[in-house]
Each structure stands twice: as C-alpha cells, then as structure tokens.
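Chemist: Given the sequences, and given the hints that come with them, work out the whole structure.
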Amino acid sequence: MEINKKSMFLILALMLSMSVLFSACSKGDEASNQNKVVDQGDAGNFILGETPLNFSFYGNYDWYTMNPWGQDPATKWIQENKKVTVEAIQSGGTALQKFNTMIASGKLPDVIWGDRGTDVEKLRMAGKLVPLDAYLDKYPNLKKWAGDKTLNMLRSEDGKLYQFPNWYTKRPMGNGGYAINNKIYKDLGSPKLETFDDLYSYLTLVKEKYPKVVPFEVGLSGQGIDFLYAGMSEDRTVGHLMNRAIPDGNVLKSLFSDPVYRESMVFANKLFKEKLITQDAITQTRDQVKEKINKGMVAIYGDFTTTVMGTEANSILKAKDPEDGYTMIWPFHKEGVDPKKVWVNEFDSLGWNVSVITTAAKNPEGIFAYLDWLTGEEGERIIFWGPEGTYWKGTSESGAPLYTETYANDVEERTKLMAIWDTFQWAGNTTFIDESKSVNEMNLPEDKRDWATVSQTNVAWKTSFDATEFGNINPLPDSDEGIIMQQIADIADQVRAKALFAKDEQEVIALLDKAEQDAQNAGYEKLLKFQTQKWQENIKKINE
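Per mature numbering (1 follows the signal peptide of the UniProt record, and there is no 0): the sequence shown = residues -23 to -1, 1 to 521.
Take these hints with a grain of salt, some might be off.
What the hints assert, rightly or not - Derived DSSO-like pairs: lysine-lysine, alpha-carbon spacing no greater than 27 Å straight-line:
1) K503 - K480
2) K184 - K475
3) K439 - K169
4) K311 - K75
5) K163 - K517
6) K480 - K311
7) K480 - K120
8) K511 - K137
9) K137 - K311
10) K250 - K517
11) K75 - K160
12) K189 - K370
13) K163 - K311
14) K160 - K425
15) K317 - K169
16) K311 - K439
17) K295 - K120
18) K160 - K126
19) K186 - K163
20) K475 - K503
21) K75 - K169
22) K126 - K439
23) K297 - K247
24) K297 - K393
25) K370 - K163
26) K272 - K186
27) K370 - K393
28) K272 - K252
29) K425 - K272
30) K311 - K169
31) K272 - K184
32) K517 - K318
Claimed, not checked - Here are the in silico distance ranges between beta carbons for each label pair:
33) K491 - D387: 53 to 59 Å
34) K425 - E502: 51 to 57 Å
35) I519 - K252: 29 to 35 Å
36) T372 - G500: 53 to 59 Å
37) L379 - Q471: 50 to 56 Å
38) K169 - V228: 35 to 41 Å
39) K230 - E382: 52 to 58 Å
40) I24 - A466: 43 to 49 Å
Simulated from the structure, these hints should not be mistaken for lab results.
None of the values given here were measured: they were computed from a predicted structure.
We treat Cβ as the ideally placed atom computed from N, Cα and C, and that holds for glycine.
Modeler: What follows is the structure, given as structure tokens:
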C-alpha cells in the first residue's frame, strides 16, 4: 500500500513523557550496543532459509492491523522457504497508549514500524536502536535501489543510519485524489467536473437528487478538505498544511495568515454548512468511511488513500453492476489556476515511513537481511503479487513478474489477497513495483486492469509533488521548538474543526485571526525559523 507519506502519516509514535525514561539511558550503553552490532556485521552473512528467523513487529498506527502470519500464500511461502516467522504486536487502535506501555515496561519489540524523523531520533538518542551501516554492503538491495543520496538524507546527526525506508522512490508516487461514483455521475448527465464551481454545482445536484448519499466523502480525519487548499493556488501542497509552514521565497511563513489557506477554509465551511460534505468528517473511523464507499453511498470520494480504498469498493460495486464503480478524476481547482500545478499527493526519495530495529532484537542482522530481501526484486514480487504460479509466472528482463491469465480473470480474489499482503509490506520499493505494474497492467484488456494502478498511472502519480526538500524539517518533541510545534499543531487542529462549524465567512476569518495570534504568542516565529533553516540545509544536500 503506497500510502501518501503526509497523510496517514500523521500519528505521533512517542509521547513526550518518554523523555524521562530516555534520558536515563547512558551514552556508554549506546556505544556498547553499537559495538555489538558492528561485530555481528563483520561475521558471515545471514542466509535466509538456512537458519530460522523469528522476530516481533509493532506497527505504530491506530489504523494498522497485521494479518496472521503464515495463513496467506505469500507469508506461508516466506515461512516455508525463507524460514521467517513474524510475531505481530497489534496496536488495538490505541497506538500511543500501547507504545507507552512498552516503554514503561522496558519490553520493546524487535522491530518498530512508524513515522520517520523526530520519533526515531528519540529512540536513537536513548541508545535503543541498532545502526544499520554494517549491513549495507553485505546485503545490497537497499543500497542499490534507494541510492546513497537517499540513505544519507535518512542518516541521524551522529552520521549513522537507523531507518529502513518504506516506499522510497526515484519517481512520483501517491494514492490520493478524487474519485466519482460512475452510476450517480452518469445519471446526473455527466457534467463537467474541473473547477471548484463545477464541484459546488454537482454536489448541490447530488444532495437534491440523492438525499441519502453523501455528496462529498472527505475520508478519515477530513483529509479531502485539505485537497481544497491544494487547488486554490498553483504549487500548494498538502504537505505545507502538515508542516504548518508555507514557503515564500526562501523562508517559511505562517499557515494561519496565508490567504490561500484562508480561502480554502471559507470554501470548506460553505460546503460543510450546506451539508455537501461528510458531517462527521473529523470524528469518523476508517471502517465507517470504508462502509460508505463500498456500498456506493458517496458521489465523490477524496482522501490520501483513494486508490487503496477505492480498489476494493470498485470491485464490490462492479461485481453487482458493470456500470457501477468509481473513476478517479483530475483534482479540482479554482478558476484560473493551472490544473497541471495542482498537487494532492506528495512524494520524496525517502518514501513514507520506516522500520527500525531495536536493541531488544537477538538477531538484528537477520532482521536486516529479511528487510533487504523484502525490498529486492524477489521479495517485492512475493509480497505484492504472491508466490510464483498463481498471478505471475516468469519475469521480464527488468525482473517484473509476467502476469498469468488468472491475474486478469480472477479480479475479486486477487484484490482480496493483495489487501492482505499489503499489511506485510514494510520495505516497499516504489520504483520496482510501479514500473512493473505500469507495464503489465497497460498490456491487459481495459476491463481486466487493476483499478488502483490505472488510477495511479492516469491521475495520482501525475498530481504528486516532489517534496524531498521538506523532509525532516521538524524539531525533536522535547526541544523548545518541538514543544512550540505541538502547541501549533493543537491550534491548527482546533481551528480547522471550528472553521467547519462557523456560521459564516466572517467567523471563519475571525477564528483564523485568533489562531494566528495564539500561535505567535506560543513562539510560532521561532519554530518557523528552525524549519526554514532545516529546509535550506536539505536543499544544499540535494544540490551537492
């Protein structure tokens, strides 16, 4: 699942209270742990399939649940042929609390999968992470596919690499965007859907003709609302909202005083007030979103995971009626804005999230060897398309799997299995997967193509902004700037929700004025200066 890195993203993995525990870890312990790992790295290579490898794995997201290991064709093959068994530690929908309990008890999992950046640094400075440098040349897939420049951008301040990236890339990627309900759209005369004026007119018509349907489903946490910002001006991205920092020349400025953001929130308020978008946009769960989409009870759907959620929904609806289903469309934009400069997705060479190996792991080299295999051609083929024989047989010169007739004809079962395998994809190699998918899918008859791949190729990837320069610009949570950042995040979340419920445009503007004042009082300018410095440092690294 190539989930857009700024979106789903957005759950802090560690609590600030951890700093007390972390500060108790001595630098001597950290050095000892690192020396032990280097010694292991100098030994002979770990050969997958010769020695059993068992490790525990924690996905640090409320929404993430790993499917049972070994009960599907892909992980069963891995268990039998590579002798790898992974024990899932589930978040149970309460990732922060679960992780905090692990920290308090001192019982860390062998691998933690979550957001990169500041949270990883907290663990690293506590001496709780294994550096990966000793393994890079011994197991060459990561180095080959990610490249030195990407790995160097992932290095910590001590110069070492601790993060194994997921969905790193050298090409555009993304899953976000707008999808229309085909049946409703055709029934309403298939009107032009390009500008925000078109959107408003269409949603109004949907509300009138289909009173039980959600005109615009904005997804988990109201992510689709952020797309309105992206379409209000050229070269604005959802990532600017997540960083709460707007580029202006070579400096980053306030989100709350940004006229483009203000205009987008006024428009969002209008849609919400007229019941044209999801009324529980901020509070609904992923399962609630999924249910509405799968039943075809939305006219337009938009969030960061449209190609992921839409694939299953499209398959379910088309199985009942070939004229039903969804189609991804180009992002909406304000009149006068160049549609080719509207970005509802982001990518950077660093990818989405990362896996880190903790010092609790008994065999960190074996774990790295598995992740490195997983990110290579064979591993990607197995975990994405399943073992050879069912959906593919043989490979092209580039290593891409060659699809079988079963792949083309068994769309429903294939979609189900790929959704299961997605939960085991922690070392996604975007370049290999996307190039393999694109070539294969476009050789299939149109009605046999994978909905997600077609949507990505035609729309999502073409509306994805290269945001590598904005990676890792945020401070550590317990630094002065980090504490300010949390306050700004709280202010931003609160004003976004309040703006939806405001009675009119004047109240929206007043709320944003108050947010700007509160942010400045909290030290916003200091945070923006820090982020600007990190941003400019990134630009220098990229241009070296």
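Chemist: What are the numbers of the hints that this structure violates, sorted from low to high?
Modeler: 1, 4, 5, 7, 9, 10, 11, 12, 17, 18, 21, 23, 25, 35
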